Amino acid sequence: MDPRGSDDIQNLIAMMAKLPGLGPRSARRAVLKLIKRRDLLLLPLADALQAVATTARECQRCGNIGTADLCDICTDPARATGELCVVEDVSDLWAMERAGGFKGRYHVLGGTLSALDAVGPEELRIPELAQRVSDEGITEVILALNATVDGLTTAHYIVDALENSGAQLTSLAQGVPVGGELDYLDDGTITAALRARKALQ
Amino acid sequence: MDWQEDGTLLTIRPHGEGAAIVQLLTRARGLQSGLVRGGSSRKLAPLFQPGARMQATWRARLEEHLGTFTLDPVKSRMADVMQDGDALAALSAITSILAFALPERQPFPALHDGSELLLDMLGTSELWPFAYLRWEQAVLEHTGYGLDLSQCAVTGQTEHLIYVSPRTGRAVSAEGAGAWADRLLPLPPCLTGQPPADRAELLEALRTTGHFLHHHLAAAQGSKPLPAARDRLVARLSRETRATNE
Chain S
6 MDPRGSDDIQ NLIAMMAKLP GLGPRSARRA VLKLIKRRDL LLLPLADALQ
56 AVATTARECQ RCGNIGTADL CDICTDPARA TGELCVVEDV SDLWAMERAG
106 GFKGRYHVLG GTLSALDAVG PEELRIPELA QRVSDEGITE VILALNATVD
156 GLTTAHYIVD ALENSGAQLT SLAQGVPVGG ELDYLDDGTI TAALRARKAL
206 Q
Chain A
5 MDWQEDGTLL TIRPHGEGAA IVQLLTRARG LQSGLVRGGS SRKLAPLFQP
55 GARMQATWRA RLEEHLGTFT LDPVKSRMAD VMQDGDALAA LSAITSILAF
105 ALPERQPFPA LHDGSELLLD MLGTSELWPF AYLRWEQAVL EHTGYGLDLS
155 QCAVTGQTEH LIYVSPRTGR AVSAEGAGAW ADRLLPLPPC LTGQPPADRA
205 ELLEALRTTG HFLHHHLAAA QGSKPLPAAR DRLVARLSRE TRATNE
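Same order as they appear, the protein sequences are chains S and A.
All residue numbers for the first sequence refer to our numbering, where the first residue is 6 and numbers rise by one.
All residue numbers for the second sequence refer to our numbering, where the first residue is 5 and numbers rise by one.
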């Protein structure tokens, strides 16, 4: 018999090791902890996983993850501000929500145009975006895409695609992060920040 | 074994949790791949963008191994192109075509120097579209599909050359084209080194170089199509001409 437990436990460790941030060693530690705290951690976790596996689905409108056909953001009438924030991935949407500064709705593209991975516009949710801008009376589209070559290429592509939509097209600012020190910034960020400088009131 | 040289970052792929596999174009060693530990981490990923100039140290136990890179950023080109969609599309096209077309570990010093000059022009000089066309011709030449525009392939004459044979890449005069004219590619003056009169002429020339990139260079690579970034760049450059015509 394997001294590290039965096949079921080994299977659980192998599955846990596939999660981001966990390797085989940390997965073993996590599984041991779960087993030792069966009532407090293991059973509630199993229930929670079962519930999410049954109910989690992609929002049909924005691409967020929720438990209904339309997510909470899309069904909240207070968020129909006419502003639509375009993000690459659900994790970016959640990051924007954590910041709490945006009160409109979102659109998740599901990736960015990528020369390397042969991801073209047809693989992303850009036609759905154009449709939403037209159907929902969107007045401003905020492109909150990553400041990478692929992210910015996608942003420029969307600007072209929505050129005649009538909506104002904006993007997040690029420059010095809050709490950042110039000495530690790369030259590209400093140059971008300098070009995007603004008058102090 | 190890070596140290500056190079331009062409591609970066995440590998495992935090590492990345990076392709650099160096002057003396050509296209070179290597693993960068922590290359897709939050700290390093912003520095490792296509087009960035890096001081690279490559180490491996044997020369044929993938090896590991230690990279120090020398110059980022993102700030120059991030607000200019055409220049950004060109940067994507240049880096992806180089990674697609060049064999690994074979030096192309002239193409390396030309690529560096062109990347430096993006976002800083308005002449870059013409420089890009000349660069595509250089890529074709260095990969064995160069255009021979010195004389007509049919008559041997050196003047009134207005077509290119899509099969051989040789120039054809109006007289030599005869009934085949509609099957030949255009040879606008900018393909011979004269600055283009307008954007339409440049696009005509890109149609010709595009034919050889798609049907000769990419076809020789097997099932891999030419990176779509090149067609997206041409589509962006065409918008201006369409808007003028409308």
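Hints in this document: simulated from the structure, not taken from any laboratory.
Hints should not be assumed to be uniformly reliable.
Capping the alpha-carbon separation at 30 Å, the derived lysine-lysine pairs in DSSO-like fashion look like this [what the hints assert, rightly or not]:
hint, chain 1, residue 1, chain 2, residue 2
1, S, 41, S, 23
2, S, 203, A, 228
3, S, 23, S, 38
4, A, 79, S, 23
5, S, 108, S, 203
6, A, 47, A, 79
7, A, 47, S, 203
Partner residues aside, some chain A positions facing chain S, computed with beta carbon under 7 Å [what the hints assert, rightly or not]:
hint, residue
8, 54
9, 83
10, 89
11, 127
12, 128
From the structure, some residues in chain A lie toward chain S, with a derived Cβ separation under 10 Å [what the hints assert, rightly or not]:
hint, residue
13, 15
14, 16
15, 49
16, 50
17, 80
18, 82
19, 86
20, 100
21, 171
22, 174
23, 228
24, 231
25, 234
26, 238
What you are looking at is a predicted structure, and each value in this text was computed from that prediction instead of being measured.
All residues carry an ideal CB built from backbone N, CA and C; glycine is no exception.
Hints versus structure:
Restraint check for residue 41 of chain S and residue 23 of chain S: satisfied, since their Cα atoms lie roughly 22 Å apart, inside the 30 Å limit. The straight-line distance between the Cα atoms of residue 203 of chain S and residue 228 of chain A is roughly 46 Å, outside the 30 Å bound, and the hint therefore fails. Taking the CA atoms of residue 23 of chain S and residue 38 of chain S, the gap is near 18 Å; set against the 30 Å cutoff, the hint holds. Under the criterion of a C-alpha separation no larger than 30 Å, the hint pairing residue 79 of chain A with residue 23 of chain S is inconsistent with the structure, at around 36 Å.
A distance of roughly 24 Å separates the Cα atoms of residue 108 of chain S and residue 203 of chain S; the hinted pair therefore holds under the 30 Å criterion. Straight-line distance between C-alpha atoms of residue 47 of chain A and residue 79 of chain A comes to about 17 Å, which keeps the hinted pair within the 30 Å bound. A distance of roughly 27 Å separates the Cα atoms of residue 47 of chain A and residue 203 of chain S; the hinted pair therefore holds under the 30 Å criterion. With a least beta-carbon distance of about 5 Å to chain S, the hint placing residue 54 of chain A at the interface is held under the 7 Å criterion.
A least Cβ separation of about 4 Å between residue 83 of chain A and chain S falls short of the 7 Å threshold, and the interface hint therefore holds. At about 3 Å, the closest approach between the beta carbon of residue 89 of chain A and any beta carbon in chain S falls short of 7 Å, and the interface hint on this residue holds. Interface hint status for residue 127 of chain A: violated, as the beta-carbon distance to the closest one in chain S is roughly 11 Å, over 7 Å. About 11 Å separates the beta-carbon of residue 128 of chain A from the nearest beta-carbon of chain S, more than 7 Å, and the hint is not met.
Taking 10 Å as the C-beta contact cut-off toward chain S, the hint placing residue 15 of chain A at the interface holds, the least distance being around 5 Å. Nearest Cβ of chain S to the Cβ of residue 16 of chain A: about 8 Å, under the 10 Å cut. The hint holds. Annotation: residue 49 of chain A was flagged as interfacial toward chain S, and the flag holds, the nearest CB pair being 8 Å apart, inside 10 Å. Because the closest C-beta pair between residue 50 of chain A and chain S is about 7 Å apart, less than 10 Å, the hint holds.
Residue-level restraint check for residue 80 of chain A holds (minimum Cβ-Cβ distance to chain S is 3 Å; threshold 10 Å). A least Cβ separation of about 5 Å between residue 82 of chain A and chain S falls short of the 10 Å threshold, and the interface hint therefore holds. Annotation: residue 86 of chain A was flagged as interfacial toward chain S, and the flag holds, the nearest CB pair being 5 Å apart, inside 10 Å. Interface restraint check: residue 100 of chain A against chain S, minimum CB-CB distance 4 Å, threshold 10 Å, status holds.
Because the beta carbon of residue 171 of chain A sits about 28 Å from the nearest beta carbon in chain S, more than 10 Å, this interface hint is broken. With its C-beta approaching chain S no nearer than about 31 Å, residue 174 of chain A sits outside the 10 Å limit, and its interface hint is violated. For residue 228 of chain A, the shortest C-beta to C-beta distance to chain S is roughly 9 Å, which falls under 10 Å, so the interface hint holds. The restraint placing residue 231 of chain A at the interface with chain S holds, with a minimum CB-CB distance near 5 Å, inside the 10 Å limit.
With a cut of 10 Å, the hint placing residue 234 of chain A at the interface with chain S holds, because the nearest CB-to-CB distance is about 9 Å. This hint is violated: residue 238 of chain A has a C-beta 13 Å from the nearest C-beta of chain S, more than the 10 Å allowed.
Checked against the numbered hints given earlier, the structure breaks hints 2, 4, 11, 12, 21, 22 and 26 and satisfies all the rest.
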